[in-house]
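Asks: Residue-level listing of the chains:
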Amino acid sequence: MKRIMVLGLAYLLSACNGDVDTIGEGEKQPNDETSPPNIDLPDDSTNVPEMLQTPTLTAISELDDQIKIQWNLPDEGLTAVLLERRVANSVWKQITELSGQSLQYTDDTIMRGIEYSYRVRTQRTLLQDNQPITLFSNYSTVRSHRINDPQSTAYPGPQPHLLPGLVQAEYFDKGGEGVAYHDFETENRGLEGNRTEAVDLELAEDAGEGLALAYIVAGEWLTYSVFSSSNEALNISARIAATEAVGRMRVLVDEQVIADVNIPATGGWQAWQTISVLEEYEMPEGEHTLKLEMVEGEFNLNYLQFDPMVELTEPTAPSNLTAKRAAEPMAKNNTILLAWADNSDDETGFELFRAIDESEFKKLGILSSNSMQYQDKNLDAGHTYAYKIRAINGVGASIFSSVASVVIDAVNTVDAKGIYSADCAFCHGANGEGVGPFPNLQRDASFEELAKIIEETMPVGAVNDCDRECAEALATYIQANFVEKEELACDAASSAPIEQQLRLLTRREYSNTISDLLGLETQVADDFPVESVLNGYDNNAGASFVTTNHIDQYLAAAETLAEQAVNQSFSKLVSCNLNVESCANNFVSEFGLRAFRRPLSTIEKNRYQALFDSQNTLNDSIRMVIEAYLNSPNFLYRSEIGVANGAGLYQLTQYEIASALSYLFIGTMPDSTLLQAAATNNLNSSEKIEAQAKRLLEMPAAKEQMKNFTAQWLKAGANQIGDKDAVIYPSFTNEIRESMDRELYEFVNYVVFESTGTVDELMNANYVMVNDKLAEFYGVGAVQGDDFVKMNATNRGGLLSLGSVLASHAHANESSPIKRAVFVRERLMCQEMAPPPPDLDATPPGLDPTKTTRERFAIHSSDPSCASCHTYIDDLGYGFEGFDGIGAFRSKENGLTVDTSGVLRGLNSLVTTDEHNFVGTQGLATLLSSSDVTKSCITEHYYQYAFGSDVSEQDQCAVDQLKQAFIADGFNVQSFMLYLTTSPAFTLRAPAAQ
Amino acid sequence: MKNEFLKSRRRFLESILAAGAAAPFAGLLARPALAATNIKRVMFVYLSDGCIPERWHPSGSEFNFTIPEMTSPLASVKDKLVFLKGLNMYEGGATHEGGIRKVLTGNGDTSLDVYLGKNMAASTPFSSLQLGVCTNFQSTQGGGSYINGSRITTEDNPLNAFNRIFAGANPDSENNDSRKGSILDTALADLNTIRGKLGNTEKVKLDTHLESLREVEKRVKSTSGSCDVSGFNPTGFSVSPTDYYPKTYHLEKHYETVGKMQMDLSLMAFACGMTNVISLAWSHPVTATRVTVNGKSINGHDASHYGSPDSGGAGDFIAIKQWHLERYKYLIEELASRPEGDGSMLDHTLILTISDLGDGNRHDHKNMPFVLAGGQALGVQGGRMLDFNGDAHTKMLVSVANLMGVNINQFGYTGHGTGGLEGLI
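Residue numbers (my numbering), protein chains in the order written: chain V, 1 to 994; chain P, 1001 to 1425.
Keep in mind that the hints were calculated from the coordinates and are not lab data. In this text, a Cβ means the ideal position worked out from N, Cα and C, and glycines have one as well. Check each hint, because a few of them may be wrong.
Stated by the list, open to error - With a cut-off of at most 30 Å between alpha-carbon atoms, the simulated DSBU-like pairs for lysine-lysine come out as follows: (1) P:1218 - P:1253; (2) V:773 - P:1247; (3) P:1253 - V:715; (4) V:707 - P:1296; (5) P:1247 - V:703; (6) P:1221 - V:819; (7) V:605 - P:1221.
Stated by the list, open to error - Here are some, though not all, of the chain V residues that point toward chain P, as calculated from beta-carbon distances under 8 Å: (8) 57; (9) 60; (10) 533; (11) 550; (12) 607; (13) 609; (14) 633; (15) 756; (16) 758.
Said to hold, decoys possible - Just so you have them, the derived chain V footprint on chain P, three or more residues with Cβ under 8 Å: (17) 1058–1071; (18) 1121–1131; (19) 1135–1147; (20) 1262–1270.
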């Protein structure tokens, strides 16, 4: 109500200026001469609409010979309402322009029996920068109506046949013999059809079936009421069939002969053909009577066809293109409103083009036909946007409208704090501290890099939600609030970040230790509880807890081992002769020192001596003590506790250093030389420590250890190569699996201990280490016997193409670009990939024998919610496609050539602009080894393995120092390992966080 | 060594067999009397990789519902079951890794089985047991049991498990026990020395070690009754020491046999009062094992990517779930057939199915496949279906704890509120 009153007031003010359409229903509106009243053109007043909403045609009704149309107007402040009409099946034409408040119209120029359709659109003219611009709404719904003509003779009626269109021969007018037709027989010889007249009709076996005029005899005629909906020229044709070319027909319109045509033979009474009757016939708009005179028989007639002459042309160009920036609240999304005049009625759509700043125009999209406005949303501030538009149809495109452009100033209105708390804090923490696997944001990074990462990858799964402006605002917010800008000084404390810890022996370490301690080869530890694996490493100090299961297993193992130990030579236990009393009296301390890897305290000595003394025979005593030692936490844990050094840190004892060295390099307890060195304080300088380290590295056990590290680092251990589908990969036997495991051992140890020992060679080796089975499997030539030899290879070599690596990072029945890419990112580049969003179905695409793997994974790049992360994954993984799921080389997959080109994005920092192309694993290896990324990452991984620790914030200084050393040493692995033992992190421990 | 049936056990069993006892439970538990009506037990049975929710959960109303194909083996024991529909797991990680980590922990650091084992009133030689069937084969994730945030490995070797659990069942083991007692005392003393020196450093680790030592010591030193364990391993399954990878008990062809042994072991452990809390895992998330069902070899993980509920893959998934649920039913039927107090063992025992996923194809944690059996004497009325419409599964964990007499109000995630499942009891 309020709305009408306001407008009414405006109206009263301007009522003096001319004829005015009053508001209200039931009144007849004057037509045609009404002109829109003179409203002052407002300048972007916020009360009037910027974009015009589409009106709705609500009702259509008839009164006498008039059709009344009614509609709703959803907007205020309109300049005019434009009404268009279509007569029957002709084109739309505007029939009147009404005031901007009018809600109805009565059309009195109609004919009975003909269907009319109506639609409206609204118009608003306003001033922008003192220039008038006009907006049009899109068209409303369409309503149609026909006023019946009771006197219509048209059959089937009530509408006459509409032209252009078909006139079915059986639909001659009503009226009967002599009026509507003339037929010589008294009844329908064809006996078809519902009508009782005598016109002969039979079934037409033609497309669309229906009936046809048949048994035509000279002198017969028929009439048809037709209506031409426009003055267009028409081509007339007839659908006929005849056995002989004897027929002739005349066509009359309103008693005037317009055509006289001979009917050719078509080969049968049901062999239908279309023949031309007359071309370019102009039938004036309106009703006419069509008469067909059969001059000569016989032939059959199905229908007459009246086609408009289609002059195929491009549509008329749209005009009056205007562009303006939306006011609040749309402005928050930086929206530009476009409007234009649609001047064509034969367009299939409009093509809208846009240029940003000085760039070229690019097509923004195709809008539907009859569109007259568009909103371009989510634009970035600080740019000029220019637009042009043209109409298109099947023939081509119109010329362009003129260009309209708008500038959006750079104003930062993003609520970064609100956005962060709503969308980011869940994963990254309220203060950017990071939650679970999601990174902490408190580190110092370049603003540009941070903004880029946010813009391109955040939030995960809804990347488009945060545009450039939003990303910059967030980056500013994060850096201002979460990051402390002071430089982290790497002081002594931060160089020794590993906390005091006890490290539970892994099963392998237990077995190795037993072997050296008791001289027994045993598999008892295989049944111990499996270790918790953290980030691929089974020796994480913080993740190993002793459960009752452990206790039971330790008890049972110790019982078995102690019994075996006493049944063999005592010389493996202690060096003196245990049958001599003085030796036996020292057993507890001497053996105890080996068992605990350090001298016993007095209390401990007494404790165990009591056990020794509790037994009756020497054997039982020894057995008892051994069994007890093997259950003691002093045996089961490696101690890295140290003693306070007065500077807030703890210095590892000589014995602790001995253990640290031996478990790191040879995976077992310190030998007598090391224990002796500890006893004599000869592990008290970096040089001495390094000397021992070098000695250890020369032992055979060092190679086993190297393999143990590498297999965990690459997540390619023997039991990480999962089962393979025996049908798809019948050649993947246990022998191959085992050989691949040994290949890893052979390769890494060859490089490190016999060749250059550099990361470069690890990555880029142009040879492989193979035995006979692998040589055949890889196709690198013939090798005799099970021993491994070095063979040159052209299509494989280096870590990336190790059989165990390729087979571990694959599925049972296919390769896996995803797994291989994640392997590269996490194990070789130390870039953690987030898992897919929880609600996403992450099923790999099903096997398809007609496609390569690359083709099946295409959706990851085509779907934007996948692409934001997968751009770092798939293109990288495709480089491995030259190797199938069991690590065999292939040049074809399902008969299609394999494409091993790949793209590595984010090599140095996780932004997509850091992009590198490569081909195959060899190309990738070159890329990785040329960047410091892999070398840095190896450092981090070895750090984790060496110290049983994750790498977090507090470890950064120490890790950085190690990285620098690695670089300085030319990335030599052995040198690096030796350097590690001389670093403060090796011999110092920090106090545990309380 | 350990994989052999220890000679002493065999002798023990032979004597029992000679006396004519046949079935696993023939003969009575001779443990000191715990009034049968006070017994409370719980068993968690893990099935891998979720389900097809539309084919698992019944439709209908609380007492009047239809059981669809996936859970059809349970129709005959329907009156012993409560179907828990519409429970979701919230927070924590996604897909398999996230699911297994939180299903028994509610996203906390310790799983319910471990927690209950330590907090239930009745004390048993083993606070809880974690058993597996091919659970550690090609996986470091399986089981679902955690302590201090660290995974507890299941025991996959049934012979090892048997020897460990029933060591005390051997009347000849007296000498062993006193010897073990001394050794454990010494280890405890060493541990306390270390604790004294370290103060708060490595406290959690050492406290856990201490608790474990104490529990074993207590078990070793308590007077053990005899318990009839004849009938275990009727097929004479043995583990070959030269089967390095896979281990004998990890071979697919033994999946069914090993599973049966683990189940019988569990039933015996309950009957003999060795523990009141057992977690049994059939394989692990992203199962690597193939099981032959009606002559067809099916990998449960492949089948869990069933595509649409009507695909061929769905058929396989249904078949393999049915196979496992037949075994779940075996546990139910066996416990139901043994009298205890005024009813059966089942009346005092809860058996809950768990998984790492809800919908195996979508990898979500919604509408999880939880079915609760037994507990009729604990207050659970069977023959029902309850729909919780997306409520948090941690409330189910709380309810289970409450049914075990442990009166907690929350266990892990509380974003949907505290307390147990309304309407369960």
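Asks: Of all the hints numbered above, which does this structure not satisfy? Sort the numbers upward.
Replies: 1, 4, 6, 8, 9, 13, 15, 16, 17, 20
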